[in-house]
Amino acid sequence: MKNGVQVAGVYVHDQDEALQFYVEKLGFRVHTDARNGDYRWLTVQHPDQPDFQLGLFRPQAPTVDDATAQGLAEAVAKGAMPPLVLVVDDCQAAFEAMRKRGVEFTQEPIDRYGSVDASFRDPSGNGWKLVQAR
Amino acid sequence: MKCRSFEGAIIVNGHQSMHSLAMRPTRIVKNSANRDLKLLRRLLRAKDHMDAAPHEDWPISRLASVSGASEAYFARSFRDAFGIPPHRYLLTRRVERAAALLRDTDTPIIEIALETGWNSLGTFGRTFRDVTGESPSELRRRMQLVPGDLEEVPHCFVSAAQRPHLKMAVSEKRRRTKEGRHDGRKGDDS
Numbered sequence: 001m002k003n004g005v006q007v008a009g010v011y012v013h014d015q016d017e018a019l020q021f022y023v024e025k026l027g028f029r030v031h032t033d034a035r036n037g038d039y040r041w042l043t044v045q046h047p048d049q050p051d052f053q054l055g056l057f058r059p060q061a062p063t064v065d066d067a068t069a070q071g072l073a074e075a076v077a078k079g080a081m082p083p084l085v086l087v088v089d090d091c092q093a094a095f096e097a098m099r100k101r102g103v104e105f106t107q108e109p110i111d112r113y114g115s116v117d118a119s120f121r122d123p124s125g126n127g128w129k130l131v132q133a134r
Numbered sequence: 001m002k003c004r005s006f007e008g009a010i011i012v013n014g015h016q017s018m019h020s021l022a023m024r025p026t027r028i029v030k031n032s033a034n035r036d037l038k039l040l041r042r043l044l045r046a047k048d049h050m051d052a053a054p055h056e057d058w059p060i061s062r063l064a065s066v067s068g069a070s071e072a073y074f075a076r077s078f079r080d081a082f083g084i085p086p087h088r089y090l091l092t093r094r095v096e097r098a099a100a101l102l103r104d105t106d107t108p109i110i111e112i113a114l115e116t117g118w119n120s121l122g123t124f125g126r127t128f129r130d131v132t133g134e135s136p137s138e139l140r141r142r143m144q145l146v147p148g149d150l151e152e153v154p155h156c157f158v159s160a161a162q163r164p165h166l167k168m169a170v171s172e173k174r175r176r177t178k179e180g181r182h183d184g185r186k187g188d189d190s
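Each protein sequence line maps, in turn, to chains A and B.
Those letters in the first sequence? Residues 1 to 134, by this note's numbering.
Those letters in the second sequence? Residues 1 to 190, by this note's numbering.
These are computed hints drawn from the structure, not numbers from a lab.
Please read all numbers here as calculations on a predicted model, not as lab measurements.
Just so you know, even glycine gets a beta-carbon here, dropped at the ideal spot from N, CA and C.
Check before you lean on any hint, since a few could be wrong.
Stated by the list, open to error - Looking from chain B toward chain A, a few residues come up when the C-beta cut is under 8 Å (computed): (1) L37; (2) A52; (3) E56; (4) G68; (5) E71; (6) F82; (7) P85; (8) I110; (9) K167; (10) M168.
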């Protein structure tokens, strides 16, 4: 793929904690982990999506000022960030495997509109919908 | 429904503590900010629990224990964080769910009332009308006339968008409607 979205990021409270969550609990792998002083560019990738990276970024200075960084981190902790959707072949199976690994589910799988969906959050508070592909 | 608002849109609030904290040494500011974030994350857990089972009873003691906070502290922190007292939030979820069932199913209204957490048809009908401005049967009639075009949007986001925007206590709303006042004065916290 030459044209398209390559990186989209979520704000996380703690990049180490987020890395562990996305890799060990969700099965993503690290794509880039680069540091420059206090700044860390960290992206992970779904094994089936080599063209897309999910950034795990910390709201921080100098990208934003301290007060703004705090406001953004609070918004994440309050679950106020935009929706994220993870597509799976089998929602029930994915739910069971992920829950066993300690993922915090906010909604168990529900069968509706010809599909099955569940919801979970990452440790920072980002909300994901786990949707079964139709 | 008249007011549409995504969950996220109403959640921005100011933590006045930021200004006073800025005067203190950095380390203390960071620790305190970090504590706030952990608390917010735990408060979100209480909100998630209500979202998952709005028909259940959620006394403050139960919500507080989900958040690992004291009862006295919980209600105030929740309101500060989400801009709405916990039980009023629960009410919006119940009304939202009842409205969805009225729209999407032919389930009798009494069954919808019991399923969404009310103990009687009377209380349900009255509260529903107070919150949405129309009775359950009026809403059902109106919604079923509108063809659905939201099938491509994940269900929960559609529900969130149609959640009633309850800015004041139901008792306050009731009182004002009765008195015919619409002066925008702030409601109480109950």
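Legend entry - Hint numbers contradicted by this structure: Numbers 3, 4, 5, 7, 8, 9, 10 - these are the hints that the structure violates, sorted from lowest upward.
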